[in-house]
Amino acid sequence: MFKKFSPATDIATHTPLKQSVQRNLRADILAQWAIEPETLEAVWPKKEGLVLVKCREHIAIYTVGAEPLFFQHFDGPYYPTLRFLHKYPYILPQVQVDRGAIRFLLAGAHMMCPGLTSPGGRLPPAEAAIPAERMVAIHAEGKEHAVGVGLTKLSTEEMKAVNKGVGVETACYLGDDLWALATL
Amino acid sequence: MGKKRAQSPPRPAVAEGDGASTSQTVEPPKEPRPPQKVFYCEVCSFPLEYCEFGSSLTKCKEWLKEEHPDLYDKYYSEEALTTKIGTLSLEAQAKLDKEAAKKEAKADAKADAALKKKLASQVTIKRIERTKRKHVTAIHGLEAFSIDLKKAAKQLAGRFATGASVTKNAQGLDEIVVQGDVSDEIFDMLEKGDGVLKGVPIANVEIVEDKKKKAE
Ligand SMILES: [Zn+2]
Numbered sequence: 001m002f003k004k005f006s007p008a009t010d011i012a013t014h015t016p017l018k019q020s021v022q023r024n025l026r027a028d029i030l031a032q033w034a035i036e037p038e039t040l041e042a043v044w045p046k047k048e049g050l051v052l053v054k055c056r057e058h059i060a061i062y063t064v065g066a067e068p069l070f071f072q073h074f075d076g077p078y079y080p081t082l083r084f085l086h087k088y089p090y091i092l093p094q095v096q097v098d099r100g101a102i103r104f105l106l107a108g109a110h111m112m113c114p115g116l117t118s119p120g121g122r123l124p125p126a127e128a129a130i131p132a133e134r135m136v137a138i139h140a141e142g143k144e145h146a147v148g149v150g151l152t153k154l155s156t157e158e159m160k161a162v163n164k165g166v167g168v169e170t171a172c173y174l175g176d177d178l179w180a181l182a183t184l
Numbered sequence: 001m002g003k004k005r006a007q008s009p010p011r012p013a014v015a016e017g018d019g020a021s022t023s024q025t026v027e028p029p030k031e032p033r034p035p036q037k038v039f040y041c042e043v044c045s046f047p048l049e050y051c052e053f054g055s056s057l058t059k060c061k062e063w064l065k066e067e068h069p070d071l072y073d074k075y076y077s078e079e080a081l082t083t084k085i086g087t088l089s090l091e092a093q094a095k096l097d098k099e100a101a102k103k104e105a106k107a108d109a110k111a112d113a114a115l116k117k118k119l120a121s122q123v124t125i126k127r128i129e130r131t132k133r134k135h136v137t138a139i140h141g142l143e144a145f146s147i148d149l150k151k152a153a154k155q156l157a158g159r160f161a162t163g164a165s166v167t168k169n170a171q172g173l174d175e176i177v178v179q180g181d182v183s184d185e186i187f188d189m190l191e192k193g194d195g196v197l198k199g200v201p202i203a204n205v206e207i208v209e210d211k212k213k214k215a216e
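Protein chains in written order, with the UniProt record's numbering: chain A, 1 to 184; chain B, 1 to 216.
The set of hints was computed from the structure by calculation and includes no laboratory data.
Even glycine gets a Cβ: it sits at the ideal position worked out from N, Cα and C.
Be a bit skeptical, because a hint or two may be false.
As the list claims (entries may be wrong) - In silico PhoX-like pairs for lysine-lysine, Cα to Cα no more than 25 Å straight-line:
id	chain 1	residue 1	chain 2	residue 2
1	B	K37	A	K4
2	A	K143	B	K118
3	B	K110	A	K4
4	B	K118	A	K54
5	A	K4	B	K74
6	A	K87	B	K84
7	B	K102	A	K3
8	B	K95	A	K87
9	B	K37	A	K87
10	A	K160	A	K143
11	B	K150	A	K4
12	B	K84	A	K54
13	B	K95	A	K164
14	A	K143	B	K103
As the list claims (entries may be wrong) - Not close to chain B: a few residues of chain A, all C-beta gaps over 10 Å, as computed:
id	residue
15	S20
16	R23
17	R103
18	L174
Could you build all of it, start to finish, from the sequences and the hints given here?
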């Protein structure tokens with residue numbers, strides 16, 4: 001999503017959001033992330049304005065004090081930015097790719113099932129399976145911090161059974177053009 | 001990711017962690033949870049553990065060894081290097097190392113080329129005749145020296161108490177257009193590095209005349 005993304009040409013408008021809109025957004029995010037309202041309030045205080053940065057191809061980035069906190073593509077889920085996820089790693093369920101997959105991810109590739117099911121990869125056990133079309137934090141073998149944020153294309157149980165094709169679609173990753181924008 | 005997608009329904013409020021800190025989520029705390037501190041590399045901006053996948057590993061390592069020797073040992077000691085390979089075969093790791101070195105060389109070459117290009121970039125201050133007595137001054141090439149054109153235009157408008165704007169010229173390149181003939185003054189400002197007009201070697205600046213053509 002953020003490959004060849006340049007703020008000079010790809011950003012259309014900056015709009016401060018009305019309180020009523022912010023309230024709805026806050027409720028949506030509390031439903032989509034496993035984050036405590038207090039913690040969300042600490043990073044996005046109610047009195048602090050949320051700014052919607054509209055970008056090309058229906059990407060919307062939301063910032064607080066110029067720092068991107070989360071983004072949305074069309075009317076999909078609200079993805080936390082990777083820097084935000086590093087601070088609060090527990091807000092999304094996690095999957096892990098093996099070491100061999102890291103460089104592909106850092107080149108913007110989607111994550112194939114074998115990289116998630118191999119000995120270096122990790123998917124949750126059956127009782128904690130993640131359904132398809134859910135946001136996940138993408139972790140990497142031997143690394144502490146997430147390397148990307150993605151969306152499951154299959155349920156994690158299907159990934160184990162099918163074991164080919166794209167398992168997790170990459171939304172943003174370490175070193176992409178969103179990462180490069182520490183402030184916006 | 002081109003097509004429209006339905007919004008994900010809410011998920012249960014328990015994240016599948018690696019057993020680190022998420023065992024008791026029964027009573028949500030009233031106090032916000034403190035953020036985890038992540039140490040980012042000052043060279044490549046990645047978390048330290050990912051420097052090896054960036055394109056500046058040599059510089060990252062130099063910086064870390066200098067600034068944080070203890071962390072350097074954590075990531076680059078003999079032991080750390082063997083454990084990080086994990087489930088990857090030695091051949092695969094050797095290939096990875098080779099690719100990392102190649103990537104780094106490429107990035108260095110690119111940075112070199114960018115610097116050369118910058119040093120070779122020309123800034124032109126063009127005096128354009130609008131009518132017999134009216135002139136405007138167009139400046140282009142400043143962006144090659146990382147000068148914010150909008151800020152520069154504002155500074156010039158303020159300095160000369162006149163209009164200044166950023167526009168695209170016929171070639172589609174951004175230029176600053178200032179009302180009036182202020183080419184010599186702008187040349188002086190660039191020479192002094194006045195305000196935001198910093199970092200342009202004066203040898204790279206030239207003033208040109210643009211007389212009104214008959215055809216226009
Ligand atoms: Zn680094």
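Here is how each hint holds up against the structure:
1. B:K37 - A:K4: violated, 29 Å
2. A:K143 - B:K118: violated, 38 Å
3. B:K110 - A:K4: holds, 17 Å
4. B:K118 - A:K54: violated, 32 Å
5. A:K4 - B:K74: Cα-Cα ~34 Å, so violated.
6. A:K87 - B:K84: holds, 23 Å
7. B:K102 - A:K3: holds, 21 Å
8. B:K95 - A:K87: Violated, at about 33 Å.
9. B:K37 - A:K87: holds, 6 Å
10. A:K160 - A:K143: Status holds; Cα separation ~22 Å.
11. B:K150 - A:K4: holds, 23 Å
12. B:K84 - A:K54: violated, 40 Å
13. B:K95 - A:K164: Judged against 25 Å, a Cα distance of about 24 Å means the pair holds.
14. A:K143 - B:K103: holds, 21 Å
15. S20: holds, 19 Å
16. R23: At roughly 17 Å from the nearest Cβ of chain B, R23 (chain A) sits farther out than 10 Å, so the non-interface label holds.
17. R103: violated, 6 Å
18. L174: L174 (chain A) is in fact no farther than 10 Å from some Cβ atom of chain B, at 6 Å.
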